[in-house]
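Student: Each chain, letter by letter, is given below.
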Amino acid sequence: MTDELQLPRHTRGKRPHFFEDPAVDQMMSVVLAMAAEVSVLYDRVDAMQRLMDEKGSLSRAELEAYQPDEAAAAERQARREAYLQRIFRVVRREAGTFSTEEAETYTAEVEAELSPGS
Amino acid sequence: MASAPHHDLKLGTTLDETARQDFVATLRGFVLNDMAGDMSQVYEQDVKPRATREMGHEPATASEVHKAMRPNLTFKMYSSMRVNTQEMVWDSVREAVQREVPVWRPRLKQAGAKGPGTLHLNPDLEIPRSVSAIDVHLLPGNYDSEHGPEDASQGVWFDHGSAVFYMGLLGPDQGDIGRSISTFIKTKYPDFSPDKILDLGCTIGQNTLPWAQTYPDAEVHAIDVGAPVLRYAHARANALGVGVHWHQMNASSLDFEDETFDVVWSSMFWHEVPIKDIRKAFKEAYRVLKPGGLMLHMELPPNSTLSAYDGFYLDWDSWYNMEPFYKSFRDQDPKALCVEAGFPADGFAQYVVPSVNWFGEEATKQAVDEQGKFDQNTGRFANGISWYSFGAWKPE
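Just so you know, the protein sequences line up as chains X and P, in that order.
When you read off a place in the first sequence, starting at 1, and then add 228, the result is the number in our numbering.
When you read off a place in the second sequence, starting at 1, and then add 1335, the result is the number in our numbering.
Bear in mind the hints are in silico, worked out from the structure with no lab data behind them.
Only a predicted model underlies this, so the values are computations on that prediction, with no experimental measurement involved.
A virtual CB, placed ideally from N, CA and C, is assigned to each residue, including glycine.
Watch out, some of these pointers could steer you wrong.
What the hints assert, rightly or not - Derived DSS-like pairs (lysine-lysine); straight-line CA-CA distance at most 30 angstroms:
no.: 1; chain 1: X; residue 1: Lys242; chain 2: P; residue 2: Lys1615
no.: 2; chain 1: P; residue 1: Lys1411; chain 2: P; residue 2: Lys1662
no.: 3; chain 1: P; residue 1: Lys1402; chain 2: X; residue 2: Lys242
no.: 4; chain 1: X; residue 1: Lys242; chain 2: P; residue 2: Lys1662
no.: 5; chain 1: X; residue 1: Lys242; chain 2: P; residue 2: Lys1411
no.: 6; chain 1: P; residue 1: Lys1523; chain 2: P; residue 2: Lys1618
no.: 7; chain 1: P; residue 1: Lys1618; chain 2: X; residue 2: Lys242
no.: 8; chain 1: P; residue 1: Lys1523; chain 2: P; residue 2: Lys1444
To be verified - Now the stretches of chain P that chain X is said to cover, found in silico as 3 or more residues with beta-carbon under 8 angstroms:
no.: 9; segment: 1367–1377
no.: 10; segment: 1651–1659
Assemble the whole structure, with the sequences as input and the hints as a guide.
Tutor: Structure follows, in structure tokens:
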């Protein structure tokens, strides 16, 4: 017999927020949690494929106990890194080749160029 | 990738839990490398020129940089993702702790009972509000919450979450800080052979054990205010076969006699402690040190050694990672703190020690002649890490 253990899910104190609308902060949390779960699914599918390749069949127990060897672990890690670059492409926009100020100037110039009066 | 602790008290994780931990570790890498790099670039190209125009001078302090950064989109995205990543670190091991700890309570108890270490809890100790009122590092329940009799879950949670957090950078036993610095001291001062060593604010003892291993003849004591972390520290040390005496005690008011220890050590501790308690604790450290003894603290480097931007980057944790005393500690002059506590100014020492886990033991030993060099790797993970430490020798 063991006593059940219930650990807290939330911290004491105020949770920091960064956006004007706190809903945006919560949506970021949901997006990141979903991103984690997609990665978990991918790793599971990857484990299934590797076991199928290796053994030609698949058992639940083998799948749940799967541990990648060094080469597979490196491939999976590279997949995770590329995955993050894909899904968070937009958050790296501001640090791109243009500075924001340059981009604003450029946009203003383009708009002036294209406006009917020019 | 996440690296689980190497001892008998290792949590079993499911296929999906491992994948979740690997994801979080990778996400941390993305936030701390890619996004942190973006943020520094955006500061240089956009935020600094704008703030300089508005203020009439370049942001000169960590707080001025913070103020200028707050409205910036890259700062917001970095910060939001970092807070979430920190929460996800703990969450990625929570279910495993919940499932496994009830099953291995007898194993914990057995490991605790078998020695070579001893455990001394004090249920009457008043837990300081800097621990009981908040959840440091966003770990729900912090170092002190108990979820049943003789409960060690928060210690288990802290250890296994830290393994995900540090991505294996601190070595399999997470003892790199204690190992690097004790190795450095032993090499630099070959005639200094401590009989008794004390660790303050030890939590689960990951940086206590290396001192016992570097000085195998020394008697090692370690204190913390949190009972759950001490219970786990004790069981974990015994499982690893290292003898340490663990005490539930507050560093600001030690129960030890005057002139008991040759070394009073701590790691990553003071930045979680209010400054008035730090002052008391340094006086206590002086009191319990033997003449000729060394007080030595591994810490984040002081703000005065960093640029305004780097100060802002480290102070982030004070504002958003539930470490409210981090900044006020790092704004202090380490030497002044030691002198105030009674140490002579010429006894002050500071060392920048290359990580054993990163550079190898030989590099750490060779560094004994190059102490005190600060660079962009001091106290943080970048392309290799060096640990900052400071303290003072008590006169003979």
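Student: State for each hint whether it applies.
Tutor: Cross-check of the supplied hints:
no.	hint	verdict
1	X/Lys242 with P/Lys1615	holds (29 angstroms)
2	P/Lys1411 with P/Lys1662	holds (20 angstroms)
3	P/Lys1402 with X/Lys242	holds (20 angstroms)
4	X/Lys242 with P/Lys1662	holds (18 angstroms)
5	X/Lys242 with P/Lys1411	holds (17 angstroms)
6	P/Lys1523 with P/Lys1618	holds (26 angstroms)
7	P/Lys1618 with X/Lys242	violated (34 angstroms)
8	P/Lys1523 with P/Lys1444	violated (39 angstroms)
9	1367–1377	holds (count 7)
10	1651–1659	holds (count 3)
In summary, the numbered hints that this structure violates are 7, 8.
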